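Chemist: Top to bottom, those sequences are chains A and B. Its first residue numbered 1, the first sequence is counted upward by one per residue in UniProt numbering. Its first residue numbered 1, the second sequence is counted upward by one per residue in UniProt numbering.
Treat the hints as calculated values from the structure; they're not laboratory data. Among the hints, a few may not be true.
Since the list can't tell identical chains apart, any single copy or any two copies may satisfy a pair.
To be verified - Using 30 Å as the maximum straight-line C-alpha spacing, the simulated BS3-like pairs for lysine-lysine come out as follows: (1) K240 - K104; (2) K268 - K204; (3) K312 - K430; (4) K287 - K167; (5) K497 - K430; (6) K240 - K289; (7) K312 - K292; (8) K565 - K289; (9) K135 - K430; (10) K565 - K204; (11) K497 - K204; (12) K398 - K268.
Since the structure is predicted, the reported quantities are computational estimates derived from the model, not experimental observations.
These are the residues of each chain, in order.
2 protein chains.
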Amino acid sequence: MLLLRHCRCLTRVGLLKTQRVQLLQGVALPVAVCSSHRGHKSGQYQRSHGPNWRHALAGLLAGTGAVLAYGLHHSQTEQAATTIVQPIAPASSLPIYTQDEVTKHRSVEEGVWVTYKGSVYDITEFVSMHPGGDKILLAAGGALEPFWALYAVHSQDHVLEILSEYKVGELSAEDRRMQQSVKSTDPYSTDPERHPALRINSLKPFNAEPPAEILSDNYITPSAIFFKRNHLPVPQVDPKSYRLQVEGVPGGAPLSLSLEELKTCFPKHTVTATLQCAGNRRSEMNKVKQVKGLNWGIAAISNATWSGARLKDVLLAAGYMPEVVRQTSHVQFEGLDSDVTGTTYGASIPLNKAVSEEGDVLLAYQMNGEDLPADHGYPVRVVVPGTVGARNVKWLGKIIVSEEESSSHWQQNDYKGFSPATDWDTVDFKSAPAIQELPIQSAITQPAEGAVVERSAEEVTVKGYAWSGGGREVVRVDVSLDGGRTWQVAQLQSSEKGQVPAPSPPPGRAWAWKLWELTAPLPPAAQELEIVCKAVDNSYNMQPDSVAPIWNLRGVLSNAWHRVKVTVKEDEEEQKLL
Amino acid sequence: MLLLRHCRCLTRVGLLKTQRVQLLQGVALPVAVCSSHRGHKSGQYQRSHGPNWRHALAGLLAGTGAVLAYGLHHSQTEQAATTIVQPIAPASSLPIYTQDEVTKHRSVEEGVWVTYKGSVYDITEFVSMHPGGDKILLAAGGALEPFWALYAVHSQDHVLEILSEYKVGELSAEDRRMQQSVKSTDPYSTDPERHPALRINSLKPFNAEPPAEILSDNYITPSAIFFKRNHLPVPQVDPKSYRLQVEGVPGGAPLSLSLEELKTCFPKHTVTATLQCAGNRRSEMNKVKQVKGLNWGIAAISNATWSGARLKDVLLAAGYMPEVVRQTSHVQFEGLDSDVTGTTYGASIPLNKAVSEEGDVLLAYQMNGEDLPADHGYPVRVVVPGTVGARNVKWLGKIIVSEEESSSHWQQNDYKGFSPATDWDTVDFKSAPAIQELPIQSAITQPAEGAVVERSAEEVTVKGYAWSGGGREVVRVDVSLDGGRTWQVAQLQSSEKGQVPAPSPPPGRAWAWKLWELTAPLPPAAQELEIVCKAVDNSYNMQPDSVAPIWNLRGVLSNAWHRVKVTVKEDEEEQKLL
């Protein structure tokens, strides 16, 4: 963001349109060559800066992709921010603003203000020129730092130079201090800082999802915006004293592993896997009839690269012998997160998934190449690829092989699917199996519900994600612009944009989502588009058409076709003709 | 059938209604105690035979189930037919009829005639009294023998006694000979005899399905009515000279096995597995828009018990070593059935399915406890549980481990799914994966489309089957009587009715279907019911709501909700009141 500052005059002479076309291919490209000063005439600008601009854009296109993911690159980003970005000297002539005053400026109508290292900027005029589009508004009323950490391309000298010209004041000293975390005796007081882009569904325990329009920008979701689904306060775990207990292996002996032993005694295995909350898209069920649960949008799903020891290897070390253990056994997991009574989070998976050579179940200590973040289970979590998020137990304390499933509330009396006919008076949780593998899923991340598409654009680009549980690979996504009457096939993407696609996974081990995109001509007569997507996996399972027939009292497994309505705005000239 | 002969007079005094209620619980129960002669008054009958009738019915209910399956019991049946059933002596006074004349009598309006061992019977009057209901009409115009073989309870002396009283003539000598198989130089001339109940979609090659109302009578489908899906003429294989070739195992050596070696050198493994044609329910897609392919109804699916050697064991014997073979390899199968150019039927499955301990892939030489029938691949076929029928190659000649899928037409250019937008001008068969695991499926077998339900019955019983591919267990079937607005949960059945249910299969190995049933009150005001079913598997995949959005040019993978419309007939008295 903040990259096309001095180019705004170009909107009037059409060059920006050309830029936008090129930018579309690169997603949120920084075009950071506009170093001239305010007051230049557009013609002058075009002459003196046109070639440089093209040169710089070409360089960026040839690079490693426009958007560098926070999770993979934030070390570099932090470093860059420290070394390149110098605090802008306070100008005593500018007014002091409180955070409250800044927060009031969150729209183009009210003005769009942001803070950066204690200074306040009014970037209202810049919003329409931002190469990343409306995403700039996610930072409105708040600090830029976390967004620039996410989109590392901003950490360049000239971006700061541009920003400096929008400065309108200083943040009050008190609010600068307030930007640090506040600690208290609240059990949640030690919860980590979170990225401000996250849309919070519940603060305590913390449950939040990224804005949908950001989600599909990265094939690997940056850890900072990876959806968070905590059931309890985040435990503080000392990696030095941490022990992982393994119990109940028939014929084996209890095992206790330090973090170091887990890391060094077992081969490190890396898997890219999508996790999804069972309640993803619950808000659509709530529209049919109220359900119990967090009102998730479409982004309680994210994709990351996980590294750790294979659960299978650890169970073998604990004495697991296939011929001794019943096929119908389970592997239970206990978290170190607990409520006031000391009850810990718990869940279990079938033994055959845990010990399968092809199950890829990890005791992960890294996410996106770094130590697990606190919100994602530091120091060790289970990653059960293809399986509902709830079984991917974080802050893992204990593993128990048992003939029984976990006795925890979350295994026995939650995370199960029921008929639309079942209500809280009639529900028998014993009658349904615990959710393990999830069904085929997809959703539209762009455009957003209610967006406006210009008729002059002549076409519309639709983006989204698609994933299926159980290692079933997404093989096709169909997109409709007319509510499901006619369909077009979207382009699938299984790596970061611009990178060489990863080879197809072995059968049954497609753990990662696919992003997808379709650019299609605008239907000539339509004033409104009802955009719909539906995905197909390689077992040819398809999403159900509508929400009501799959409605269930807990609002889980919401995987009907996703629908987004957008308006087509006729051009003024055409409108006059009409 | 033909069991309540002399009870027809009772319809007028209401006893039959009582019988029907009891019979409903036992499915097609023979009530074979009516040995009195025509002309008895109903009152007399009730007095003299009532107690006996109750006694016999109780005995049958206490037996091993009312309907004995042909596939499991036809040896006994054949024997019974030979020893018990004596040819009925031709009465010279009765006329001679040709088969053509008999064939004209296939409805209650035209008269219902059947033949049995050369005699002709007019059973029109008996139809309404048949405990098995309308199923008796399946035999109309043809021979009784194959149906009695299927429903072995008919093979009792008193049934013959009843039948004899409906005799109206003799079948011509020529037609008696014609009932033997006709042989010719036609490549299909050596195809085996088939059960006349089958609904034929194509005669050459032979493709046929059982009537839906029969399908769900047996948890294990009798082999004779198991759906037949041949691509080519049935080959004549001499079991003595038969060899199974195994090739292409990296690091191994070619292997050639006799039938005897296959049976004796490898452990015999038994699996109950449902097979389904990719084109099952294609007729519903044809109603949306014409597709290419056989117009299957809802019964191109059946369930059987298969025994044979594990493919995994045979590959190990051929030198298979997991560490030597690429994970992405395939196992190709070649059939011994071929066209005039010598091209054989072929297909392949992913190697990981073939060698998985939990894949249960068989080289089967038995079906339902007996040698494979000719139509089902005698002497050896592949059974790939959870996988589309087309990969379960029959008359197996060769197994080839390869880095490539089978190059056969049926693997490369058929049995693939496409978007509704894809037509024969735009289709690129390379763009879609070969169908392997099938998606969740269910259908209603009773009542039939257009059936009439009496208001006085006060309730309606709906029956059907449900199955999912990939070893995913069906966990719920929802049934709606109002087109999908409200739902009720059906009762699932995973063994023959009246038998102890089989224990739950290990996770991922639920290869067999579940039958289901729901008896629900008739909605008070409804004059028509739109009955709908949808199933859910343990990955919580659900069937799509409607056919059009999953329509594809080959008409495969037709698994939308199944819908059946029935009429509610008001009672005469109530109608008068209205």
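Chemist: Next step is simple, just say for each hint if it's right about the structure.
Modeler: Evaluated hints:
With identical chains, the CA atoms of K240 and K104 are never at most 30 Å apart, being 45 Å at best within one copy and 89 Å at best between copies. Taking the shortest alpha-carbon separations for K268 and K204, neither the intra-copy value of 34 Å nor the inter-copy value of 57 Å comes in at or below 30 Å. With identical chains, the CA atoms of K312 and K430 are at most 30 Å apart within one copy only, with a shortest distance of 29 Å there and 36 Å across copies. Taking the shortest Cα distances, K287 and K167 never come within 30 Å of each other, neither inside one copy (43 Å) nor across copies (66 Å).
When the C-alpha separation of K497 and K430 is checked against a cutoff of 30 Å, the pair qualifies only between copies, where the shortest distance is 24 Å, while the shortest distance within a copy is 45 Å. In this assembly of identical chains, the alpha carbons of K240 and K289 never lie at most 30 Å apart, being 49 Å within a copy and 67 Å across copies at closest. In this homomeric assembly, K312 and K292 never come within 30 Å of each other (Cα to Cα): the closest approach is 36 Å inside a single copy and 47 Å across copies. Within a single copy, K565 and K289 get their C-alpha atoms as close as 21 Å, and across copies as close as 28 Å, so both meet the 30 Å cut-off.
For a Cα distance limit of 30 Å, the shortest separation of K135 from K430 qualifies neither inside one copy, at 45 Å, nor across copies, at 38 Å. Taking the closest pair of Cα atoms, K565 and K204 never come within 30 Å of each other, the shortest separation being 33 Å inside a single copy and 51 Å across copies. For a Cα distance limit of 30 Å, the shortest separation of K497 from K204 qualifies neither inside one copy, at 36 Å, nor across copies, at 51 Å. In the homo-oligomer, the alpha carbons of K398 and K268 lie at most 30 Å apart inside one protomer (20 Å), although the nearest pairing across protomers, at 40 Å, exceeds that limit.
This entry does not satisfy hints 1, 2, 4, 6, 7, 9, 10, 11, going by the numbered hints stated previously.
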